[in-house]
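Colleague: Below are the chains, spelled out letter by letter.
There are 2 protein chains.
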Amino acid sequence: MAFYAPPIARLLEELERLPGIGPKSAQRLAYHILRGDTEAAARLADAIVEVKRAIRFCERCFNFAESELCEMCADPTRDATTMCVVEEPRDVVAVERTGEFRGTYHVLQGAISPIDGIGPEQLRVRELIDRLGRESVSEVILATDPDIEGETTALYIARLVKPLGIRVTRIASGLPVGGDLEYADEVTLGRALEARREM
Amino acid sequence: MAFYAPPIARLLEELERLPGIGPKSAQRLAYHILRGDTEAAARLADAIVEVKRAIRFCERCFNFAESELCEMCADPTRDATTMCVVEEPRDVVAVERTGEFRGTYHVLQGAISPIDGIGPEQLRVRELIDRLGRESVSEVILATDPDIEGETTALYIARLVKPLGIRVTRIASGLPVGGDLEYADEVTLGRALEARREM
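Listed in order, the protein sequences are those of chains A and B. Going by this note's numbering, the letters in the first sequence line up with residues 1 to 199, in that order. Going by this note's numbering, the letters in the second sequence line up with residues 1 to 199, in that order.
The reader is advised that the hints may include incorrect statements.
[Unchecked claim] Here are a few chain A residues that sit away from chain B, every Cβ distance over 10 Å (derived from the structure): (1) T38; (2) L44; (3) E68; (4) E88; (5) P89; (6) E127; (7) E139; (8) Y156; (9) R170; (10) L175; (11) R196.
[As the list claims (entries may be wrong)] Taking CB as the label site, the calculated pair distances span: (12) A42/B to E121/A: 14 to 22 Å; (13) E16/B to I115/A: 29 to 37 Å; (14) R53/B to A80/A: 29 to 37 Å; (15) I129/A to P6/B: 40 to 48 Å; (16) R196/A to R17/B: 39 to 47 Å.
Keep in mind the hints are simulated off the structure, nothing from the lab. Glycine included, C-beta positions come from ideal geometry on N, C-alpha and C.
Let's have the full structure, built from the sequences with the hints guiding it.
Modeller: See below:
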């Protein structure tokens, strides 16, 4: 038996395809859209279509971009000798937010995960090596996630890049600033101890 | 400084307007849309626009409908002598799921909540009384939420309807008090319907 009119059922189905949206969340979102004004719904629909129309991948670093190059790659004031390698475009945003980095990026578009069938060939690793051959990069900062996939990916890339005579660094693992020692997991705390610095 | 390209920023902004979607969820959804294929994004956008185009309120019971009347009101096999009064269209779906009810509905489109400035005038109460004058209803089942607003609304409507010589019942508490009708499982809600009491 159909409990929902087909247009509602269809919207629920599409909403449930989104990550982290189950039946209850989909229902809440659908009812919000149904109760809201038509202009609000049109704006949302248009933003979805427009983002797919306007956004592509940067031809150089594979970040999201509005033209051939992303904002960072098109900016001549950025330091092209330092390259930060990340997994996803959202990681570029995270690094940019620190205000600590003025170099360029390379977005792998994932991390090595044999269990998910993702090897270096599925990532933008070949493109990274190509760039290092073409550009004058003196340091590659590996800013992949500090999890198993990210560490594996960092190790893999380090092994490829070091023979090119380029300095390879890895972002530090440690306790989050403002965090509590007693709530840190033992792996993180172990890393923080290992990476202790002279004061 | 702009961390996101404008089309992405715009999509994030629209997504964050949705209930229960904070900045992190919006980012996850936006990235899913950006990484997915254009057809999937178009389907979602179209479902949003279409639901607003195709769905209106039933002229009789104020449930969501695809034409003047909703599916239930248009169904001549439903028992028009028993009317179930609910707060929202989603509550109609919840009651339908029990399979215990074959009467008609009346959707109040909310509940009395003085704190939110919602009185009987903001709800479809006048339309309910009109219907009861026009239709041959012998029992009104009050299935508003078992919370303060829902109980207040049920009491208010009971006081209006009983003088009309119509039997007024309230779904049984069996539902957790302070809970939400839409989250009840169908067995519990079915029992509650079955065990409705005279008011």
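Colleague: Name the hints, by number, that the structure is in violation of.
Modeller: 1, 2, 4, 5, 12, 14 and 15
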